[in-house]
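Go ahead and model the full structure; you've got the sequences and the hints to work with.
These protein sequence lines are chains A and B, in that order. Position one of the first sequence corresponds to residue 540 (our numbering), numbered consecutively onward. Position one of the second sequence corresponds to residue 166 (our numbering), numbered consecutively onward.
Treat the hints with care, since some could be wrong.
[Stated by the list, open to error] Simulated pairs of lysine-lysine, DSS-like, Cα-Cα distance not exceeding 30 Å:
| # | chain 1 | residue 1 | chain 2 | residue 2 |
| --- | --- | --- | --- | --- |
| 1 | B | Lys-229 | A | Lys-648 |
| 2 | A | Lys-651 | B | Lys-179 |
| 3 | A | Lys-648 | B | Lys-206 |
| 4 | A | Lys-651 | A | Lys-612 |
| 5 | B | Lys-231 | B | Lys-206 |
| 6 | B | Lys-185 | B | Lys-231 |
| 7 | A | Lys-609 | A | Lys-648 |
| 8 | A | Lys-617 | A | Lys-594 |
| 9 | B | Lys-185 | A | Lys-612 |
| 10 | A | Lys-617 | A | Lys-651 |
| 11 | A | Lys-594 | A | Lys-651 |
| 12 | A | Lys-648 | B | Lys-185 |
| 13 | B | Lys-231 | A | Lys-648 |
| 14 | A | Lys-648 | A | Lys-612 |
| 15 | A | Lys-594 | A | Lys-612 |
| 16 | B | Lys-206 | A | Lys-617 |
| 17 | A | Lys-617 | A | Lys-648 |
| 18 | B | Lys-220 | B | Lys-231 |
| 19 | B | Lys-229 | B | Lys-185 |
| 20 | B | Lys-206 | B | Lys-229 |
| 21 | B | Lys-179 | B | Lys-220 |
Keep in mind the hints are simulated off the structure, nothing from the lab.
Given next are the chains, with one letter for each unit.
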Amino acid sequence: AQTVTQSQPEMSVQEAETVTLSCTYDTSESDYYLFWYKQPPSRQMILVIRQEAYKQQNATENRFSVNFQKAAKSFSLKISDSQLGDAAMYFCAPSSYSGAGSYQLTFGKGTKLSVIP
Amino acid sequence: GAVVSQHPSWVICKSGTSVKIECRSLDFQATTMFWYRQFPKQSLMLMATSNEGSKATYEQGVEKDKFLINHASLTLSTLTVTSAHPEDSSFYICSARGPQWGRADTQYFGPGTRLTVL
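This is the structure we're talking about:
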């Protein structure tokens, strides 16, 4: 089974500044995917960014980018130009193949991000 | 695209009754759906994986007779909590494997159902 560690239970950032959320994981698979999801107070899980483990290039989605270090099993999320709407719980979730073309997710415990106006 | 709905969004029931939660993929066919449970201020715990037309696969420690999962069509999976008790009170979230035309390796989540058992 995979283990996922998010070592920062809570973080805060000033509006318009940059913040990095850390995540390390353990897996025995060579081909997998990694995700960051955010969960605002509404509790709707929203996909933030996706990374394919076989790609060396770090994924980027607008203000969100990752630093993926496969050998170190590290997958951090950088949020640039932070906005009030970024305040949420952020979950790191690597996937593992579960058969029939499907992948299971293992979630970290989350990092609660506050954005200070 | 890749929208998942859940119904109801919240439900209150008496101890000993059964409650059914529906999870629908609105604009794509989902061959695989997942059911999670989330306690307050905690992470998501996978309960079971549901494949259309076959029996669900339950995670260790999840009672399959208490949490009945049915995935009878490519757009609908249901979770029935049977003989609910107060300790079953929780936030239940479903997700669906992404569409073939999009990212089949990605899960798209429903908005969740808050269950309170009195």
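Which hints from the list above does the structure break, by number from lowest to highest? 2, 9
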